[in-house]
Amino acid sequence: MIYGKIWTVVKPSVGIPIFLAAVAIGSFSVHLALTLNTTWVKKFLNGSAATAAVIQTVKTPTA
Amino acid sequence: MSDKVGPTGLSEAESEEIHRHLIQGTQIFGMIAALAHLLAYIYSPWLK
Numbered sequence: 032m033i034y035g036k037i038w039t040v041v042k043p044s045v046g047i048p049i050f051l052a053a054v055a056i057g058s059f060s061v062h063l064a065l066t067l068n069t070t071w072v073k074k075f076l077n078g079s080a081a082t083a084a085v086i087q088t089v090k091t092p093t094a
Numbered sequence: 086m087s088d089k090v091g092p093t094g095l096s097e098a099e100s101e102e103i104h105r106h107l108i109q110g111t112q113i114f115g116m117i118a119a120l121a122h123l124l125a126y127i128y129s130p131w132l133k
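Quick note, the sequences are listed as chains A and B, same order. If you read the first sequence in the working numbering, its first letter stands for residue 32, the second for the next number, and so on. If you read the second sequence in the working numbering, its first letter stands for residue 86, the second for the next number, and so on.
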C-alpha cells in the first residue's frame, strides 16, 4: 500500500484538517440539498415520522 | 527503507502510523453514520 506514505509529503497539520473539512462539507451539502429539494426530510425533522413516508393520494369521485 | 524521511520531516513508519489512525477513524465514523441512517430508516422509511 502506497497511501500510508502520503504524510511524508503532505503535512498532517494541513492534510488532516482538509480531509475532515471535505467530509464535513460533503455530508452537510448532501443533507442540505435533500432538505431543500424534498418534502420528506422536512417532515421527518419536524417529527411527523408516521406520515413522512406516506404519499397522500386523493381519489376523484367518478359520477 | 521505513527510515526514509520525506519533505514533511516524517519517516515512512510515522506516516503509516498516522494513516492507520486516520483509516480507523474513518471506519468508526462510517459505522456510526451507517447505524444512524439505519435507525432513521427504521423510524421513517424514505423513498416509499
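Hints in this document: simulated from the structure, not taken from any laboratory. For each residue, glycine too, the CB sits at the ideal point set by N, CA and C. Be aware that one or more of the hints could be misleading.
Derived pair list, reagent style DMTMM-like, types lysine to aspartate or glutamate, alpha-carbon separation capped at 25 Å [claimed, not checked]: (1) A:Lys74 x B:Glu101; (2) B:Lys89 x B:Glu101; (3) B:Lys89 x B:Glu99; (4) A:Lys36 x B:Glu101; (5) A:Lys36 x B:Glu99; (6) A:Lys42 x B:Glu99; (7) A:Lys73 x B:Glu99; (8) A:Lys36 x B:Glu102; (9) A:Lys42 x B:Glu97; (10) B:Lys89 x B:Glu102; (11) A:Lys73 x B:Glu102; (12) A:Lys42 x B:Asp88; (13) A:Lys42 x B:Glu102.
In silico contact screen, one side only, chain A against chain B (beta carbon under 8 Å); selected entries [to be verified]: (14) Val41; (15) Ile47; (16) Phe59.
Query raised in the report: So which of the earlier hints does this model not fit?
Result: 1, 7, 11, 16
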